[in-house]
Amino acid sequence: MKKVITLIFVAFTMSLSYVAQDCTQISEPNFGSDSAQIKNCRQNLSLYSEYLKQKNYSDAAKFWTQTQSFCPKYKPNLYANGTYIYKKIAQQKAKEKSPDKQLYIDSVYAIYDMWEENFGTCYKIHKSKAAFIMSLDASKNFSLAYSLYEGVFSNDPDITSYSDIKYFTYAIKYMYKTGKIDCDKFLELYELLSGVCDANIAKGKKVEKYKNVQGFVDKEVSPCASCDKLEEIYTAKYNANPEDMDLIRTIFGRLSDKKCTESSLYLTLLDKVLNDPNNPPSAKDLFNAATADHKRKNYTKAEPRFNRAIETAGDDAELINKSYEYLYDIAFNKKNFKKGFDIAGKLNDACDVNAKRATIIAASASTVASSALDRSSVYCYALQYAAKSCGKSSGSIPSWEGQLLPKSDLIMLDVVSGSDQKVPYWGATISLKTRD
Numbered sequence: 001m002k003k004v005i006t007l008i009f010v011a012f013t014m015s016l017s018y019v020a021q022d023c024t025q026i027s028e029p030n031f032g033s034d035s036a037q038i039k040n041c042r043q044n045l046s047l048y049s050e051y052l053k054q055k056n057y058s059d060a061a062k063f064w065t066q067t068q069s070f071c072p073k074y075k076p077n078l079y080a081n082g083t084y085i086y087k088k089i090a091q092q093k094a095k096e097k098s099p100d101k102q103l104y105i106d107s108v109y110a111i112y113d114m115w116e117e118n119f120g121t122c123y124k125i126h127k128s129k130a131a132f133i134m135s136l137d138a139s140k141n142f143s144l145a146y147s148l149y150e151g152v153f154s155n156d157p158d159i160t161s162y163s164d165i166k167y168f169t170y171a172i173k174y175m176y177k178t179g180k181i182d183c184d185k186f187l188e189l190y191e192l193l194s195g196v197c198d199a200n201i202a203k204g205k206k207v208e209k210y211k212n213v214q215g216f217v218d219k220e221v222s223p224c225a226s227c228d229k230l231e232e233i234y235t236a237k238y239n240a241n242p243e244d245m246d247l248i249r250t251i252f253g254r255l256s257d258k259k260c261t262e263s264s265l266y267l268t269l270l271d272k273v274l275n276d277p278n279n280p281p282s283a284k285d286l287f288n289a290a291t292a293d294h295k296r297k298n299y300t301k302a303e304p305r306f307n308r309a310i311e312t313a314g315d316d317a318e319l320i321n322k323s324y325e326y327l328y329d330i331a332f333n334k335k336n337f338k339k340g341f342d343i344a345g346k347l348n349d350a351c352d353v354n355a356k357r358a359t360i361i362a363a364s365a366s367t368v369a370s371s372a373l374d375r376s377s378v379y380c381y382a383l384q385y386a387a388k389s390c391g392k393s394s395g396s397i398p399s400w401e402g403q404l405l406p407k408s409d410l411i412m413l414d415v416v417s418g419s420d421q422k423v424p425y426w427g428a429t430i431s432l433k434t435r436d
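Here the numbering used here is used: the first residue of the sequence shown is 1, the next is one more, and so on.
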């Protein structure tokens, strides 16, 4: 195989500043200029294609090299297949910890050079090359991958995927950690990648994948994304376009997601988003506003906004469930015990339902019970739900059990353990238990 690698390893110098419109499609394949060349091209093309179908990459590489030598301008897909074949071999060599791995990696670079030499360069090649670097040669070529990806995402983001976003983020993080870019640049690219995620989510394209990768990007940018820094950058953007509602909603969403909700900028954006006469607030806008109110313990504003978010959320089950979690917390803090109990019943997960119901019942004991027996009954009722919480109440159960009356106290009250007991306030009937 080293002989094959030597045959294809020809270096070409290409300028990254020039990017052709398309280097991946041609109208007709070019088999060569004479009958012998055409015959040899077709024969070797058939052989390498068949071995490629069989995933016999070693033999596919041999005949791919012959095909390229006979008809280098056959079509761009020849080079797409070539990079794929040699990348597969390089991956296997890496798995085997073979010293030949770098030879095959170098061969992939050579094929990219040949591709550009024969069909010009374009962002599709740059994207493919950057992804290859990040998968197999990142430690040596982080900077090149970063440069290629920056051009692709800045100029032709529609050809990228969520995996490209992840690769580019790793490259950006490396450039930041090595001092090659600063926080401002990191955040600029963060906005670029977030915009790509938003666009794909809006189109309904692999929504969960893009939501997950957005979370990954959010996590990786955190060293640079302090609230003060974000507000500084976003204030400048807002001041430059104070009537651009798309920009305002984007900034509002970013600050909300980062819980940067204390600044005057956020409050200004909040007012604009919730009072836009041409575009009523979305469920996400209302949810973000409500979470900011909740953080400030302004429950009077938060509660109706969460309810409006639920009403307008359509089939967004995740947003609805989170809204109910916040509404439960508000009811809990306001000691609206029965309301919180009812809200808990609207959660998606039955284990969460029972855990939260157990918690709010137990929390009511000091308020609704007027005697030791009443308190014991309330805690006994809470323990019924805790038993069905799939272990989510396990940390509280020992404490609640400790609040039950001992048998000796029941005897003094002329009450039999295991008898039916009415639970004050809650209106339920429980089988009375003791702590011993």
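Don't read these hints as lab results, they were simulated from the structure. Check before you lean on any hint, since a few could be wrong.
Label-pair ranges, simulated between beta-carbon atoms [what the hints assert, rightly or not]:
no. : residue 1 : residue 2 : range
1   : Lys209    : Gly402    : 41 to 49 Å
2   : Asn239    : Lys177    : 28 to 36 Å
3   : Ser399    : Asp315    : 37 to 45 Å
4   : Gly391    : Leu192    : 39 to 47 Å
5   : Gly314    : Ala236    : 30 to 38 Å
6   : Glu243    : Gln92     : 50 to 58 Å
7   : Pro99     : Gly314    : 26 to 34 Å
Derived pair list, reagent style BS3-like, types lysine-lysine, alpha-carbon separation capped at 27 Å [stated by the list, open to error]:
no. : residue 1 : residue 2
8   : Lys95     : Lys73
9   : Lys166    : Lys185
10  : Lys75     : Lys140
11  : Lys205    : Lys219
12  : Lys203    : Lys166
13  : Lys140    : Lys73
14  : Lys75     : Lys53
15  : Lys101    : Lys39
As the structure is a computational prediction, the values presented were derived from the model and not from experiment. The beta-carbon is built from N, C-alpha and C at its ideal position, and this holds for glycine as well.
Comparing the hints with the structure gives:
1. Lys209 with Gly402: 41 to 49 Å: At roughly 47 Å between Cβ atoms, Gly402 and Lys209 fall inside 41 to 49 Å, so the hint holds.
2. Asn239 with Lys177: 28 to 36 Å: holds (31 Å)
3. Ser399 with Asp315: 37 to 45 Å: 39 Å Cβ-Cβ, so the 37 to 45 Å window holds.
4. Gly391 with Leu192: 39 to 47 Å: The hinted range 39 to 47 Å holds for Gly391 and Leu192, with Cβ atoms some 43 Å apart.
5. Gly314 with Ala236: 30 to 38 Å: Given about 35 Å between the Cβ atoms, the range holds.
6. Glu243 with Gln92: 50 to 58 Å: Since the Cβ atoms of Glu243 and Gln92 sit about 57 Å apart, the hinted range of 50 to 58 Å holds.
7. Pro99 with Gly314: 26 to 34 Å: Violated: the Cβ-Cβ distance is about 57 Å, outside 26 to 34 Å.
8. Lys95 with Lys73: Violated, at about 33 Å.
9. Lys166 with Lys185: Holds. Lys166 to Lys185 sits at ~17 Å (cutoff 27 Å).
10. Lys75 with Lys140: Violated. Lys75 to Lys140 sits at ~30 Å, over the 27 Å cutoff.
11. Lys205 with Lys219: Since the Cα atoms of Lys205 and Lys219 sit roughly 22 Å apart, the hinted pair holds (cutoff 27 Å).
12. Lys203 with Lys166: Roughly 20 Å between the alpha carbons, so the hint for Lys203 and Lys166 holds.
13. Lys140 with Lys73: The given pair, whose Cα atoms are some 31 Å apart, is violated under the 27 Å limit.
14. Lys75 with Lys53: Holds, at roughly 18 Å.
15. Lys101 with Lys39: The hint is violated at about 33 Å.
In summary, the numbered hints that this structure violates are 7, 8, 10, 13, 15.
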